[in-house]
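A.B. asks: Chains as they are written, first to last, in our numbering: chain A, 253 to 609; chain B, 253 to 609.
No wet-lab data here; the hints were simulated from the structure. All the given hints hold, so there is nothing to weed out.
A pair counts as met if it fits within one copy or between any two copies, since identical chains are not told apart.
Using 25 Å as the maximum straight-line C-alpha spacing, the simulated BS3-like pairs for lysine-lysine come out as follows:
{"id": "1", "residue 1": "LYS339", "residue 2": "LYS483"}
{"id": "2", "residue 1": "LYS523", "residue 2": "LYS339"}
{"id": "3", "residue 1": "LYS349", "residue 2": "LYS483"}
{"id": "4", "residue 1": "LYS579", "residue 2": "LYS543"}
{"id": "5", "residue 1": "LYS483", "residue 2": "LYS577"}
{"id": "6", "residue 1": "LYS464", "residue 2": "LYS409"}
{"id": "7", "residue 1": "LYS524", "residue 2": "LYS604"}
{"id": "8", "residue 1": "LYS579", "residue 2": "LYS483"}
{"id": "9", "residue 1": "LYS479", "residue 2": "LYS339"}
{"id": "10", "residue 1": "LYS579", "residue 2": "LYS480"}
{"id": "11", "residue 1": "LYS480", "residue 2": "LYS339"}
{"id": "12", "residue 1": "LYS328", "residue 2": "LYS479"}
{"id": "13", "residue 1": "LYS468", "residue 2": "LYS328"}
{"id": "14", "residue 1": "LYS473", "residue 2": "LYS331"}
{"id": "15", "residue 1": "LYS577", "residue 2": "LYS480"}
There are 2 protein chains.
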Amino acid sequence: MKKFTLFTPGPAEVPPRVLKVMSEPIIHHRSQDFREIFFEVRDKLKKLFKTKQDVIVFASSGTGAMEAAVVNFFSKGSKVLVINGGKFGERWSLICKAYGLDVREISVPWGEAVDPSDVAKHLDKNGKIEGVFIQGCETSTGVEHPVKEVAKVIREKRGDDTLFVVDGITAVGVFDIDMDGWDIDILLTGSQKALMLPPGLAMISASPRAIKCMEKSDLPKFYFNIKKEMKAQSEGETAWTPAISLIKGLRESLRMIIDEEKLENVFERHKKLASILRSMVEGMGLKIFAKRPAPGLTTIEIENAEEKRKKMRELGAWVAGGQDKLKGKIIRIAHMGYYTEGDMLYVGSVLKHVINS
Amino acid sequence: MKKFTLFTPGPAEVPPRVLKVMSEPIIHHRSQDFREIFFEVRDKLKKLFKTKQDVIVFASSGTGAMEAAVVNFFSKGSKVLVINGGKFGERWSLICKAYGLDVREISVPWGEAVDPSDVAKHLDKNGKIEGVFIQGCETSTGVEHPVKEVAKVIREKRGDDTLFVVDGITAVGVFDIDMDGWDIDILLTGSQKALMLPPGLAMISASPRAIKCMEKSDLPKFYFNIKKEMKAQSEGETAWTPAISLIKGLRESLRMIIDEEKLENVFERHKKLASILRSMVEGMGLKIFAKRPAPGLTTIEIENAEEKRKKMRELGAWVAGGQDKLKGKIIRIAHMGYYTEGDMLYVGSVLKHVINS
Numbered sequence: 253m254k255k256f257t258l259f260t261p262g263p264a265e266v267p268p269r270v271l272k273v274m275s276e277p278i279i280h281h282r283s284q285d286f287r288e289i290f291f292e293v294r295d296k297l298k299k300l301f302k303t304k305q306d307v308i309v310f311a312s313s314g315t316g317a318m319e320a321a322v323v324n325f326f327s328k329g330s331k332v333l334v335i336n337g338g339k340f341g342e343r344w345s346l347i348c349k350a351y352g353l354d355v356r357e358i359s360v361p362w363g364e365a366v367d368p369s370d371v372a373k374h375l376d377k378n379g380k381i382e383g384v385f386i387q388g389c390e391t392s393t394g395v396e397h398p399v400k401e402v403a404k405v406i407r408e409k410r411g412d413d414t415l416f417v418v419d420g421i422t423a424v425g426v427f428d429i430d431m432d433g434w435d436i437d438i439l440l441t442g443s444q445k446a447l448m449l450p451p452g453l454a455m456i457s458a459s460p461r462a463i464k465c466m467e468k469s470d471l472p473k474f475y476f477n478i479k480k481e482m483k484a485q486s487e488g489e490t491a492w493t494p495a496i497s498l499i500k501g502l503r504e505s506l507r508m509i510i511d512e513e514k515l516e517n518v519f520e521r522h523k524k525l526a527s528i529l530r531s532m533v534e535g536m537g538l539k540i541f542a543k544r545p546a547p548g549l550t551t552i553e554i555e556n557a558e559e560k561r562k563k564m565r566e567l568g569a570w571v572a573g574g575q576d577k578l579k580g581k582i583i584r585i586a587h588m589g590y591y592t593e594g595d596m597l598y599v600g601s602v603l604k605h606v607i608n609s
Numbered sequence: 253m254k255k256f257t258l259f260t261p262g263p264a265e266v267p268p269r270v271l272k273v274m275s276e277p278i279i280h281h282r283s284q285d286f287r288e289i290f291f292e293v294r295d296k297l298k299k300l301f302k303t304k305q306d307v308i309v310f311a312s313s314g315t316g317a318m319e320a321a322v323v324n325f326f327s328k329g330s331k332v333l334v335i336n337g338g339k340f341g342e343r344w345s346l347i348c349k350a351y352g353l354d355v356r357e358i359s360v361p362w363g364e365a366v367d368p369s370d371v372a373k374h375l376d377k378n379g380k381i382e383g384v385f386i387q388g389c390e391t392s393t394g395v396e397h398p399v400k401e402v403a404k405v406i407r408e409k410r411g412d413d414t415l416f417v418v419d420g421i422t423a424v425g426v427f428d429i430d431m432d433g434w435d436i437d438i439l440l441t442g443s444q445k446a447l448m449l450p451p452g453l454a455m456i457s458a459s460p461r462a463i464k465c466m467e468k469s470d471l472p473k474f475y476f477n478i479k480k481e482m483k484a485q486s487e488g489e490t491a492w493t494p495a496i497s498l499i500k501g502l503r504e505s506l507r508m509i510i511d512e513e514k515l516e517n518v519f520e521r522h523k524k525l526a527s528i529l530r531s532m533v534e535g536m537g538l539k540i541f542a543k544r545p546a547p548g549l550t551t552i553e554i555e556n557a558e559e560k561r562k563k564m565r566e567l568g569a570w571v572a573g574g575q576d577k578l579k580g581k582i583i584r585i586a587h588m589g590y591y592t593e594g595d596m597l598y599v600g601s602v603l604k605h606v607i608n609s
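Okay, chain A solo, but in the shape it has when bound:
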């Protein structure tokens, strides 16, 4: 008999009621029924992103929205700064380079968060930086970057001349990311983390400042054309056929987050889950890998991590390992989305059992 719970930083567990609405008979996407669902989704996504701006939905995984964040707002040769502190910081650089941007990097040691004063120094030194790219949470290391503080530095140093682009894939809906309040220009996320859905949807929003830049952008785009989607989606449609079943699921999960539990309570729960698990972990004499741990996942230094991870999986607790140079050195236990205190006691006990056996 097999029975397991995913504690992976994507996909995360999907609530049964969300699975259920996705298994209802398919509806047509050019219909009043779909428009009603989609308008509700749009309204709730604004609350999730804490923005008055439109939040655009793509049928793609999160990486698609990362590409959209590059190709819609910048041009060939645009000088940009990437905060690279792990696999996903690295992905920003790869995407920017694939499209011919002039990429500068702040290389942050894996496990650490960027120091906002380093961003300030770079902006002073490097002249006309058109965009700064960061992760809200660097999922490969479990680190939360100081997004609010970096936003402040960018605005002080560069005013309206630099766009601040935040990959919120394991941040939006996990902890506070205040798009309008902190003056973030481009914020994006994916469906399979805090949004408690299967992968296959990505969401992105752009500030008025970013929308102005959209007009000047000379990079080629078609599927991920935000301008086209903004027009279509404001009318309750999408430029290309939407992932209808996932959007139905999204409405259900947003109802759970925005209407029922309420966003601030979700954030509090994530903090509490992190705290419970981390107490257990430290009680075992293990060390948290991330220097500034994000509320959505706990990364733990552990010997023979892959072997331990396999043993945990045999006990039903499916956790993630380290990527690239962290492979075999850490495990990553995610607790963003559909997770309870009981889940933390479960995964913590399994870890303890495996460590001691």
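Add chain B to chain A, keeping to what the hints say.
C.D. replies: Only chain B this time, still in chain A's reference frame:
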């Protein structure tokens, strides 16, 4: 009480057993469980495409695979020929132009199929055409283009120097499209038609000739990078997080098509459904709009089409209308995928009732 059946050319009806597997608890995509599913999907997709080549799966709608067909195989300024006989032919031109290709068109009157001898003339006249783009079925008009004959012309006139790119979104799995047998270079489809799934997945395959061109292509790409996906997917993974629940659904629908009903029987069923419906339509004194009607949908000339369509919907038969200049002039009844003779009697009767009332 609401009860309806979709007869729309995407999304089409999804069988309950496919909906059911998609509502199972989510699994992780870097796992043996996922790899087993994905390898079975890959094997069956080759049978569906009638190719020995890999068939790559993207988390996107079909338009994403159309973009992939352009950005992976051509370069800025590549001279290409688009067969444009409707909305989807037009989309080929728009994508090619968005990426700076040098686009020539054969403009085919809406409702007609391209004449292969016109393709021959163009290739004689136009010098170095690097790619010819076509639809297997132009969904906006219901026309089947003579793909096999056009393939033959291209090979005769251009040998290995021109890639033949076929949008098979309402063709693959609907009627015979023999990728290897007919020497098609790039063939693609989407999930929400013959594959009986919700939208959100696209599939694409490339011939050895096309793969050679991939190496020379200078167009920027990241999310839709086929080379990267070929490597990852041959190992049972995907470069970016896959749409796991849809891929589980895809295995189920491919089992129905490839193992149970068998592909050739599916084709025969589609022909039979088309024939039953068209007899009824002609019996009502109505005219089929498409000059060379494809087996997957029936387009019907009808006065006040939008009003008739609305009345049909009130009786539970959800058919599509005309697009752009065909709006109000035709209705489109799709019968590709999960449809039976009984469904044709139903939708035909509803149409008759609405026409006579």
